[in-house]
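2 protein chains.
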Amino acid sequence: MDELIMKGQKAKKASYILSNMSAQDKNQGLKKIGENLIKRDEEILAANKIDLQNAKSKGISEVMIDRLALNKDRIKAMAEGVFQIIELQDPVGEVVSMWQRPNGLQIGQKRVPLGVIGIIYEARPNVTVDAASLCLKAGNTVILRGGSEAINSNKVIIDIIRESLKETNIPIDSVQLIEDTSREVATQFMKLNEYLDVLIPRGGAGLIKAVVKNATVPVIETGTGNCHIYVDKDCDIEMAKNIIVNAKVSRPSVCNAAENLLVHKDIAIEFLPLAIEALKSNGVEIRGCRATKAIVNDIILATDEDFRTEFLDYILSVKIVNDIDEAINHINEYGTKHSEAIVTESYKASQEFLQKVDAAAVYINASTRFTDGFEFGFGAEIGISTQKLHARGPMGLKELTTIKYIIYGNGQIR
Amino acid sequence: MDELIMKGQKAKKASYILSNMSAQDKNQGLKKIGENLIKRDEEILAANKIDLQNAKSKGISEVMIDRLALNKDRIKAMAEGVFQIIELQDPVGEVVSMWQRPNGLQIGQKRVPLGVIGIIYEARPNVTVDAASLCLKAGNTVILRGGSEAINSNKVIIDIIRESLKETNIPIDSVQLIEDTSREVATQFMKLNEYLDVLIPRGGAGLIKAVVKNATVPVIETGTGNCHIYVDKDCDIEMAKNIIVNAKVSRPSVCNAAENLLVHKDIAIEFLPLAIEALKSNGVEIRGCRATKAIVNDIILATDEDFRTEFLDYILSVKIVNDIDEAINHINEYGTKHSEAIVTESYKASQEFLQKVDAAAVYINASTRFTDGFEFGFGAEIGISTQKLHARGPMGLKELTTIKYIIYGNGQIR
Chain A
447 MDELIMKGQK AKKASYILSN MSAQDKNQGL KKIGENLIKR DEEILAANKI DLQNAKSKGI
507 SEVMIDRLAL NKDRIKAMAE GVFQIIELQD PVGEVVSMWQ RPNGLQIGQK RVPLGVIGII
567 YEARPNVTVD AASLCLKAGN TVILRGGSEA INSNKVIIDI IRESLKETNI PIDSVQLIED
627 TSREVATQFM KLNEYLDVLI PRGGAGLIKA VVKNATVPVI ETGTGNCHIY VDKDCDIEMA
687 KNIIVNAKVS RPSVCNAAEN LLVHKDIAIE FLPLAIEALK SNGVEIRGCR ATKAIVNDII
747 LATDEDFRTE FLDYILSVKI VNDIDEAINH INEYGTKHSE AIVTESYKAS QEFLQKVDAA
807 AVYINASTRF TDGFEFGFGA EIGISTQKLH ARGPMGLKEL TTIKYIIYGN GQIR
Chain B
447 MDELIMKGQK AKKASYILSN MSAQDKNQGL KKIGENLIKR DEEILAANKI DLQNAKSKGI
507 SEVMIDRLAL NKDRIKAMAE GVFQIIELQD PVGEVVSMWQ RPNGLQIGQK RVPLGVIGII
567 YEARPNVTVD AASLCLKAGN TVILRGGSEA INSNKVIIDI IRESLKETNI PIDSVQLIED
627 TSREVATQFM KLNEYLDVLI PRGGAGLIKA VVKNATVPVI ETGTGNCHIY VDKDCDIEMA
687 KNIIVNAKVS RPSVCNAAEN LLVHKDIAIE FLPLAIEALK SNGVEIRGCR ATKAIVNDII
747 LATDEDFRTE FLDYILSVKI VNDIDEAINH INEYGTKHSE AIVTESYKAS QEFLQKVDAA
807 AVYINASTRF TDGFEFGFGA EIGISTQKLH ARGPMGLKEL TTIKYIIYGN GQIR
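Heads up: the protein sequence lines correspond to chains A and B, in order.
For what it's worth, my numbering labels the leading residue of the first sequence as 447, then goes sequentially.
For what it's worth, my numbering labels the leading residue of the second sequence as 447, then goes sequentially.
Bear in mind the hints are in silico, worked out from the structure with no lab data behind them.
There may be inaccurate statements among the hints.
Since the list gives no way to pick out one identical chain from another, each pair is judged satisfied if it fits inside one copy or across any two copies.
Result set (EDC-like, lysine to aspartate or glutamate): computed pairs, CA atoms no more than 16 Å apart in a straight line [stated by the list, open to error]:
1) Lys-459 with Glu-779
2) Lys-518 with Glu-489
3) Lys-711 with Asp-769
4) Lys-485 with Asp-519
5) Lys-459 with Glu-772
6) Lys-601 with Glu-625
7) Lys-711 with Asp-771
Being a predicted model, the structure only gives us computed values, none of them experimental.
From just these sequences and the hints, can you work out the full model?
Have a look at this one:
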């Protein structure tokens, strides 16, 4: 606990320096980090080897081990990610708007760093580099709490980052790691209101739920995506097929992948056999409603639970709906307000869907897979917010800042 | 508990209708509310009389009773507040920005209502009308939980609001009151994540602290203001005196009032006797540091605690600092990141203060008392945020909205 408070104090102190540094200075730090990651890759790999051995002896799943595992190429990719962040425009300092009041006061909104950001994440050591670099670029100090599986890799990576900062003007306490990976310390971290300005969890549904439940610090909830593709009666069937196949199979394990297909009843007989065949030939298991099963028999009958589930796998639930209203209501009730798409040639239907669906990203005639900071053109991504406060959808550098009001007077009193 | 969930469900359902209503329809509802408040003022006063009798029999303070008490003029002022909200521009529907990606996707950010807003407040029945009207105008449904002292007044006011909505197309469940004012129900309300998109506490430090501690719903923290006026060595002494007097005495009970005066040592001997005399003649008790007491003897010696206290009263703590850096560091350590001001004729000092002070509103040569939605020109205010997520400083209608990404494609897949 005392260690946590000390880290909080150091982070806050460093943030008052870092938040006033120029983009040039911050980029210098990032450059050193990228270079030293490559230079010292053997050290990282040695530590990662220990993590992998521990993981295997604990019988951890192959998927988890793949997330944990580093090699020279992956380290190079991490470093290149840092070099890319250097190229991005620094959002800090922009005066977003400024106006004059009748009494002569000039009131402006200036973009400033959030301050101290906490990140809680799981077994992926690349998050350590990625999150630290993005926070730095936006002028924030960061306290990282990674999963126990990656602790040896993380320790070395953080050493490299902090020693890189030593070669620059950036305070080394701009980046700190919580080395005690116990659950108690994590819970205390979530309540570090005096020092943390925001806490961002990155990981699975369990982690995010725990953070939302326990944190007293402001949280940005990220992640869960129970996404739908709704195929309207007036649509380009070929386009619809391509979109659902892409949204489901191009990368099933990510949050912007589709988990559900909704089909208007008037087009179901024509569309579903084609679509389901294409999906099946890509290895997708179909769980359909009764009406779907009446059209394509060789599928599993979906339960209500299936429609609520983010499979993150080669599984898709399918439902036939009577009209667009039923589709919209279903999405608003069963969805997680992440990414939702309609495929239609109807102007009216497209506008109604756009207006009434309550989600971070609503698409007309495109795959939900585009909900991503890079695909949106932000050049980076710290996560995808599924809450409505502060940031919604993909979060880039701008979402790691806040504003302060700056007011120029000449003696005004009230 | 069940009642709370039912209210949550109704609010969520109503929000899907209200969020798609035109400004015209919403204004029609507000007009009816304002008219009916005036028409039915006798009913409100009768209920308020019961609240006042209960309060007096419980021996509640005069200040609290003044906040609770209504009369015809106060009800008229409440109604006029509603009519003013009609005049404000509806923030919903604005496409804040839109851009095209190389693949042809058009990505836009559209301003939409937050959804369901919870408001927890204390004894002031005017908050009931004010908060409900602002939420409605921005397309949000609202669940209100006022203090037990005002429950009879609130019940009648909410009846009037809901019956007013009945005369329009707005769902009556757009505005609901939690009638059970127990602490247990309040705590459950703070954890109503499935239905509440945001919770805004309005009231004293105790209430806000309880909400931050207990809520699992996203919260916008409002309120506490331990504000400073820093008088730099190069300043217009008359201006500095006017600003500190205004910031302290024009309304000591509000969060944007100054609680601390910091003075550069080089100007202290000239400035402090003048300033303290002016403050004392306005009834202000001075609690100064040792150096201050050496210049003006007839004051109380300040404790460290005094510098951390939001007095909300005719009390001011005074400290002499060696330079602007000490002033900035003191503010960043002791302040609550609300409103901070420098009085200076130095360009360099003004820019340094603006840059380095970490607060929602930073002033050059003006009173901190301007931190207010109306003074900023927003035409309304739901509170003053002292956190950094989502909104910082005075929150108007715009801060009661979020954005959603709208994406126009023509078959893009990834």
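Comparing the hints with the structure gives:
1. Lys-459 with Glu-779: between (45 Å within a copy, 10 Å between copies)
2. Lys-518 with Glu-489: within (11 Å within a copy, 76 Å between copies)
3. Lys-711 with Asp-769: Close inside one copy (7 Å), not across copies (74 Å); limit 16 Å.
4. Lys-485 with Asp-519: Close inside one copy (13 Å), not across copies (75 Å); limit 16 Å.
5. Lys-459 with Glu-772: Answer is between; shortest inter-copy Cα gap is 14 Å, intra-copy 53 Å.
6. Lys-601 with Glu-625: For Lys-601 and Glu-625, the Cα distance is within 16 Å only inside one copy (7 Å; across copies 53 Å).
7. Lys-711 with Asp-771: within (12 Å within a copy, 70 Å between copies)
Against the hints set out earlier in the document, no violation occurs for any number.
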